[in-house]
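Participant: Listed below are the residues making up each chain.
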Amino acid sequence: MELALFYYLLLGFAILMYVLLDGFDLGIGILYPWFREEADKDALMRSISHVWDGNETWLVFGGVILFGAFPAAYAGLTSALYAPIMLMLIGLIFRGVAFEYRFKSDTSKRWWNRAFAIGSMVAAFCQGLMLGVLIGGTPLHSDPSFSLLTPFTLFTGLAVMAGYALLACTYLVMKCRGERQQQAAHYGRRLVIAVMVAMAVVSLSTAVGSEQIWQRWFADGHFLWLWPLPLLSLLAARLLFRDLGRVKRHLSAGHLPRSRHEDRPFWLAVSIFALGFAGLLVSLFPAILPGKLDYLAAAAPTDSLQFMLPGVLIFVPLILAYTLWGYRIFAGKVEDFTEGY
Amino acid sequence: MELDTVMLSRVQFALTVTFHIIFPSITIGLATLIAIWEGLWLKTRNPQYLQLAKFWIKPFAITFGMGVVSGIVLSYEFGTNFSKFSELAGAVIGPLMAYEVLTAFFLEAGFLGIMLFGWQRVSARMHFFATCTVAVGTWISAFWIIAANSWMQTPTGHSIVDGKFVVESWFDVIFNPSMPYRLAHMLLASMLTAGLVVLATHAWYLKKQQHQAFGRKGLSFALWWLLLFAPLQAFVGDLHGLNVKEHQPVKLAAMEGIWPEREANVPLLLFAIPDQKTEQNHLEVGLPGLASLILTHSWDGELQGLKSVPADERPNVPLVFFSFRLMVGLGMLMIFVALWGWWLRRGDRLYQHRPFLQLCSLLAPTGVIAVIAGWYVVEIGRQPWIIYGLVKTAEVVSPLPASRVAFSLAMFVITYSLLFGVYLYFFRKLIKKGPPAPDSLQHHLIGVKANGYALALTKSLQAQPTATSSEQGAK
Chain X
1 MELALFYYLL
11 LGFAILMYVL
21 LDGFDLGIGI
31 LYPWFREEAD
41 KDALMRSISH
51 VWDGNETWLV
61 FGGVILFGAF
71 PAAYAGLTSA
81 LYAPIMLMLI
91 GLIFRGVAFE
101 YRFKSDTSKR
111 WWNRAFAIGS
121 MVAAFCQGLM
131 LGVLIGGTPL
141 HSDPSFSLLT
151 PFTLFTGLAV
161 MAGYALLACT
171 YLVMKCRGER
181 QQQAAHYGRR
191 LVIAVMVAMA
201 VVSLSTAVGS
211 EQIWQRWFAD
221 GHFLWLWPLP
231 LLSLLAARLL
241 FRDLGRVKRH
251 LSAGHLPRSR
261 HEDRPFWLAV
271 SIFALGFAGL
281 LVSLFPAILP
291 GKLDYLAAAA
301 PTDSLQFMLP
311 GVLIFVPLIL
321 AYTLWGYRIF
331 AGKVEDFTEG
341 Y
Chain Z
342 MELDTVMLSR
352 VQFALTVTFH
362 IIFPSITIGL
372 ATLIAIWEGL
382 WLKTRNPQYL
392 QLAKFWIKPF
402 AITFGMGVVS
412 GIVLSYEFGT
422 NFSKFSELAG
432 AVIGPLMAYE
442 VLTAFFLEAG
452 FLGIMLFGWQ
462 RVSARMHFFA
472 TCTVAVGTWI
482 SAFWIIAANS
492 WMQTPTGHSI
502 VDGKFVVESW
512 FDVIFNPSMP
522 YRLAHMLLAS
532 MLTAGLVVLA
542 THAWYLKKQQ
552 HQAFGRKGLS
562 FALWWLLLFA
572 PLQAFVGDLH
582 GLNVKEHQPV
592 KLAAMEGIWP
602 EREANVPLLL
612 FAIPDQKTEQ
622 NHLEVGLPGL
632 ASLILTHSWD
642 GELQGLKSVP
652 ADERPNVPLV
662 FFSFRLMVGL
672 GMLMIFVALW
682 GWWLRRGDRL
692 YQHRPFLQLC
702 SLLAPTGVIA
712 VIAGWYVVEI
722 GRQPWIIYGL
732 VKTAEVVSPL
742 PASRVAFSLA
752 MFVITYSLLF
762 GVYLYFFRKL
772 IKKGPPAPDS
782 LQHHLIGVKA
792 NGYALALTKS
802 LQAQPTATSS
812 EQGAK
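Line by line, the protein sequences give chains X and Z.
Here our numbering is used: the first residue of the first sequence is 1, the next is one more, and so on.
Here our numbering is used: the first residue of the second sequence is 342, the next is one more, and so on.
Just chain X, with the same shape it has in the complex (with noise of 0.2 Å):
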């Protein structure tokens, strides 16, 4: 059935649409410590402040597309990932309202920047955590004596944080001048080596320990195929890496770094994220509920499918038109305007 098909894929795009969007967000906060200054901490946040809210509705996007189109997996897969999900959501709830509070307070200023920095923690930690259930194959049920910590989730839950720094690191390079931009792009430095180790600790872990993964990769000259994956993936990280380098050169030299050298490096860190996302999805297809349910066996009735089509096809493309529209007029370095309302 190519409708269940489609809505897999789109169900695919809207989490990696969420990881790229809210990942550099919530990767903002999880800085948040390292940029000590106040005047630093307001203008990350004032770097973020208008397309938050935008960022995190692709995260409903995804719930409801999961709602309405595998509307048992939906089901499956929320109540069994109970706790991180309460958690995340608690963690989002505090680092969403940070950004009102903060502006607006005089003596609290520092509640609120905790709240925006454990709270962006806290949620990109329950998020990696939440794929380290469904990647390391642990079997979801809800007995209360068991618990989804295990090593693997703790490094995928730590991983997954420093990948969201690292597309941070890389948007802050691109909207910040000075200081700033160094700092930013000093941490990116490390950050890219970190993400690269991690991901290849979970793809090599993940090969081994699944013997239906190994098969996916491995088997009948799969790979002759799959390689241009971890290449390309070794490739943006190398430039990504260079990048940086240059515009930290520059910057101590007391030059402007070039434009291209500010914009690159969020690309690359994008087709980073991209490639590894690709590499998810050849590791899991069909499935939706790894080990227990495929997509066509979760797929709502066709008439539903059908009856959202429309609206994914019309609507899609235009929330994605005035998104990019959005970030076009707010373009620019945030040091350049004093905005408020």
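One thing to keep in mind: the hints can contain errors.
As a list, the in silico DSS-like pairs of lysine-lysine whose alpha-carbon atoms are at most 25 Å apart [to be verified]:
#1 Z:Lys774 <-> X:Lys109
#2 X:Lys104 <-> Z:Lys770
#3 Z:Lys774 <-> Z:Lys558
#4 Z:Lys549 <-> Z:Lys773
#5 Z:Lys425 <-> X:Lys292
#6 X:Lys109 <-> Z:Lys770
#7 Z:Lys733 <-> Z:Lys505
#8 Z:Lys770 <-> Z:Lys549
#9 Z:Lys773 <-> Z:Lys558
#10 Z:Lys549 <-> X:Lys104
#11 Z:Lys586 <-> Z:Lys733
#12 X:Lys104 <-> Z:Lys774
#13 Z:Lys733 <-> Z:Lys648
#14 X:Lys104 <-> Z:Lys773
#15 Z:Lys773 <-> X:Lys109
#16 Z:Lys505 <-> X:Lys292
Where chain X lies over chain Z, by a calculated footprint (3+ residues, C-beta under 8 Å) [to be verified]:
#17 410-422
#18 507-517
#19 765-774
Since the hints were derived computationally from the structure, they do not count as laboratory data.
Positions of the beta carbon are idealized from the N, C-alpha and C atoms, including for glycine.
Place chain Z on chain X using the hints.
Facilitator: Okay, now just chain Z, sitting in the frame of chain X:
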């Protein structure tokens, strides 16, 4: 009441949805008001309208933010806590939610950034367009959510295949019998809720003799708003009641406190204490025959009572009964204030009349309270059903250990209490700070001529020579 997973899940959903509804019911109306003020400013160039829009956009922003974060919780709770419901009815409810996100949620989020932060980046007209888009987005959002909720109240257009709901006609699912009434009732309620918050604030300024001109403009506007919408709401509410009688007679019986299987000449109870054990009311105070007259248009019209169904198919009667009276009572108060204000306009007494200003300044939470009470009538009145007459709530709760739900419920109680306090604190702070001075608004005009843009331009001009010199240096 046993605290098992079923009860804990229901309490958690009730808490999270009650907390959430506070914010959208304010923002739907407030976005509409801000759009109207901004439009009036563009049309008349009267700076007072810009002042109104720019002042209220701040409370709007914090309210909207609260609505966003508390709303995300709900979109996951259907699955986390009511997984069997999601599985049974996902094919019906899920697509409606998907349309909500596609047509409304993204729209609001996409244009909110421009509405809040874009004053210096886009032209005045474009800014107005963004504000209108946000307002329309909130209405569309209400449309889909109300459609989904109403289908659970009065399900039509579906069939059941292998125990799961399958849609026969999407038109019948969306425009189910109670949907048009509920949508109109909710949108009007939002207009009133926001109007009352505005009314109370401006009355408070006048009472304190601060920001007089600003206070008068807002008070007058809010009173016209109330005069338009409060009586209209009573009319729509009455139609909605007739619709409940038609489709959910047991809910109506709980609202009116009717126990006998069928009763003619039903009194309109002003007060009573419904007793679920003995199946009767205590301390009844009623107007004879009036409920029959309102609901059947005849003094001796018959209404179906609670005893027509077994006790385990009745909702919690006192909760529904008192919530309904609270909502109607507050609605009457709103109409009274609107009429009193209208009357005081003669002879210019409106802005000096202290008892009136005092009363108005206390009305801020009444809209929110009425909305919550109204939703309690709707939702508690539907129990024990989750999909009216077809699926019971207790049957579809996720099989989670009670301790896990208790833990998340405790987290929500703590988080939401804290955040509600914070929200009120900042709301009060914004109100106390008062409106932006008209001269500062002149500086802060919309579009390319404003400060920020000029600043950016100078910086980019300053930056260019440095860039070229460094390039030359590199060569």
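Participant: Quick check: the region 410-422 of chain Z, covered by chain X? Criterion 3+ residues, Cβ under 8 Å.
Facilitator: holds (count 11)
Participant: For Lys586 (chain Z) and Lys733 (chain Z), compute the direct alpha-carbon distance and say whether it is at most 25 Å.
Facilitator: holds, 21 Å
Participant: Are the Cα positions of Lys773 (chain Z) and Lys109 (chain X) separated by 25 Å at most?
Facilitator: holds, 19 Å
Participant: Verify the proposed pairing of Lys104 (chain X) with Lys773 (chain Z), using a straight-line Cα cut of 25 Å.
Facilitator: Measuring from Cα to Cα gives roughly 13 Å; hence the hint holds.
Participant: Mind checking the alpha carbons of Lys104 (chain X) and Lys770 (chain Z) for me, to see if they're no more than 25 Å apart?
Facilitator: Distance of about 9 Å is within 25 Å: holds.
Participant: For the region 507-517 of chain Z, do three or more residues have a beta carbon lying closer than 8 Å to a beta carbon of chain X?
Facilitator: holds (count 3)
Participant: Holds or violated: Lys733 (chain Z) and Lys505 (chain Z), Cα atoms, limit 25 Å.
Facilitator: Distance ~14 Å between Lys733 (chain Z) and Lys505 (chain Z) Cα, so the pair holds.
Participant: Going straight from one Cα to the other, do Lys104 (chain X) and Lys774 (chain Z) come out at no more than 25 Å?
Facilitator: holds, 11 Å
Participant: Given the hint that Lys505 (chain Z) pairs with Lys292 (chain X), does the C-alpha gap stay at or below 25 Å?
Facilitator: holds, 20 Å
Participant: With the threshold set at 25 Å, check whether the alpha-carbon distance from Lys109 (chain X) to Lys770 (chain Z) stays at or below it.
Facilitator: Holds. Lys109 (chain X) to Lys770 (chain Z) sits at ~15 Å (cutoff 25 Å).
Participant: Is it true that the CA of Lys733 (chain Z) sits at most 25 Å from the CA of Lys648 (chain Z)?
Facilitator: Within the cut-off at roughly 19 Å; holds.
Participant: Taking only the CA atoms, is the gap from Lys549 (chain Z) to Lys773 (chain Z) under or equal to 25 Å?
Facilitator: holds, 11 Å
In summary, the structure agrees with every hint in the numbered list given earlier.
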